[in-house]
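Please construct the entire structure, taking both the sequences and the accompanying hints into account.
Now for the letters of each chain:
There are 2 protein chains.
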Amino acid sequence: MPYDPSAFPPFAVTVDLVVLTVRRHALCALAVRRGEPPFQGRWALPGGFVRADEDLAQAAARELAEETGLRVHDPSVPAQDNGAHLEQLATYGDPKRDPRMRVVSVAHLALAPDLPAPRAGGDASNARWAPVEELLRQGGYGRDAEPVAPLAFDHAQILSDGVERARSKIEYSSLATAFCPPEFTVGELRRVYEAVWGVALDPRNFHRKVTGTPGFLVPTGGTTTRQGGRPAQLFRAGGATLLNPPMLRPEV
Amino acid sequence: MPYDPSAFPPFAVTVDLVVLTVRRHALCALAVRRGEPPFQGRWALPGGFVRADEDLAQAAARELAEETGLRVHDPSVPAQDNGAHLEQLATYGDPKRDPRMRVVSVAHLALAPDLPAPRAGGDASNARWAPVEELLRQGGYGRDAEPVAPLAFDHAQILSDGVERARSKIEYSSLATAFCPPEFTVGELRRVYEAVWGVALDPRNFHRKVTGTPGFLVPTGGTTTRQGGRPAQLFRAGGATLLNPPMLRPEV
DNA sequence: ATCATAGTCGTCTGCCTGACGATAAACACT
DNA sequence: AGTGTTTATCGTCAGGCAGACGACTATGAT
Chain A
1 MPYDPSAFPP FAVTVDLVVL TVRRHALCAL AVRRGEPPFQ GRWALPGGFV
51 RADEDLAQAA ARELAEETGL RVHDPSVPAQ DNGAHLEQLA TYGDPKRDPR
101 MRVVSVAHLA LAPDLPAPRA GGDASNARWA PVEELLRQGG YGRDAEPVAP
151 LAFDHAQILS DGVERARSKI EYSSLATAFC PPEFTVGELR RVYEAVWGVA
201 LDPRNFHRKV TGTPGFLVPT GGTTTRQGGR PAQLFRAGGA TLLNPPMLRP
251 EV
Chain B
1 MPYDPSAFPP FAVTVDLVVL TVRRHALCAL AVRRGEPPFQ GRWALPGGFV
51 RADEDLAQAA ARELAEETGL RVHDPSVPAQ DNGAHLEQLA TYGDPKRDPR
101 MRVVSVAHLA LAPDLPAPRA GGDASNARWA PVEELLRQGG YGRDAEPVAP
151 LAFDHAQILS DGVERARSKI EYSSLATAFC PPEFTVGELR RVYEAVWGVA
201 LDPRNFHRKV TGTPGFLVPT GGTTTRQGGR PAQLFRAGGA TLLNPPMLRP
251 EV
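Read top to bottom, the protein sequences are chains A and B. Numbers 1 to 252, taken from full-length UniProt numbering, label the letters of the first sequence in order. Numbers 1 to 252, taken from full-length UniProt numbering, label the letters of the second sequence in order.
A portion of the hints provided could be inaccurate.
Since the list gives no way to pick one copy over another, a pair counts as held whenever it fits inside one copy or between any two copies.
Stated by the list, open to error - Computed list of lysine to aspartate or glutamate pairs in EDC-like fashion (alpha-carbon distance at most 20 Å, straight line):
| no. | residue 1 | residue 2 |
| --- | --- | --- |
| 1 | Lys96 | Asp55 |
| 2 | Lys209 | Asp161 |
| 3 | Lys169 | Glu66 |
| 4 | Lys96 | Asp202 |
| 5 | Lys169 | Glu133 |
| 6 | Lys169 | Glu194 |
| 7 | Lys96 | Asp154 |
| 8 | Lys96 | Glu54 |
| 9 | Lys96 | Glu36 |
| 10 | Lys209 | Asp53 |
| 11 | Lys209 | Glu66 |
Honestly, the hints are just simulated from the structure, not real lab data. Note that this is a predicted model, so its numbers are computed, not measured.
Okay, structure coming up:
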């Protein structure tokens, strides 16, 4: 068919962010409170419109910086510190997903180490880290038994997809280190896996696995005691990005 | 920030399709020849605009049916035959990817059994199955040493991503059966893996692996000789979608 | 001093995979 | 009919890795 500029309908394109971190042994996501309709007062994922001259990844990185102050870890600079991992997740385009107009949202997944406090344009009450389990408990009750409204739009689906991506991707990649500070111990890394998967892992087998995989961890020489008990060696993430054989997630 | 209808630029949204099949022991993709500028006369991936009232998956299924006549296999109907597998791949939105205007393309990946001949609105010369290796050989030469122009737009990148997705996904899922007819032999399934991965697999170990994984294959009772040699049992795809432990891709 | 807590090193067993021998059942020849 | 070729299928064996778990080490708390 020939090209006809009037043959296509206009869309709004946004990026939405699933920003995950591990806090207090729980997998948490960044949620912002909506200030205007639709879904006014409800929690939602951070996001915004893609600008006219902006790539999708650029837009996601910009929104991430606006919401959290995080800069994106550049894979070409392996030793860079405190950067978040950012990748495209999936695109959501149901015609009715936004009642105002036709919006296609390109969701991105960001993994970050534990951060101080979230900020949303300076208004802290409008952004928070919430356990994903709580955010996905549709119409249920929060930690203090207060009622929790489901996330706005289709953001529960997006969050669920992002969590599932993170859960499966730490199996076969070194992505779990993105949840850790620049230097970390084997125990801290193990607690990341335990929080993301929601399981308990054998500390001895985990230690053997991660220290025995070439390129996964490189010792920095230092030791620390951060959780009580015997001091542990400090490591940083090695150059390897793929884990082969993978870390096995215990069934059930 | 408050909602402002004039605050977002309009985008065109398209779906592009990476349609893969296995023909003559080679992984092939569907390519269509562009009839108008830009990239007139060059090969491209099939695709088109998303309509105003259409979901992204619907648009992809519609384009797939228009180009190939294939219907999409509905996962809720396990015994359905001759349907293609369709899943979202990734979204490409570089501001300069289409010189005409700002276009965001939601690429989809389709896997289909070997089909008769492609049709593109009845004009067969405008659509063909080409080995992916040939389509990705940028500026190189085809099978008959004729020069080959690279794919239009960023379609080489999209195709490359789709092929990589297919290569990795048949490792840990039963997706390779989507390349097979409704009933197939273990040898035919093995040739799918060999074509997609570009390696040779040991027939004995492969047979042990696939027949030993519960729920992967169910025997239909029949036997066939399609490649010469001793007749082989016929199977159809079982209900299992995940392979655990996965099929291991030989290194290098 | 004793206990609790974490980290680290070993051992053992079972499962899975890769390498490969052997047999079975068809077809194409002579 | 016999022989060779091709493909399918079953078995065997050794090595690697993961799960289960014992043992020891090094810190802080009581």
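For each hint given before, does the structure comply? Return the numbers of the non-compliant ones in rising order.
Result: hints 2, 3, 4, 10, 11 break, sorted rising.
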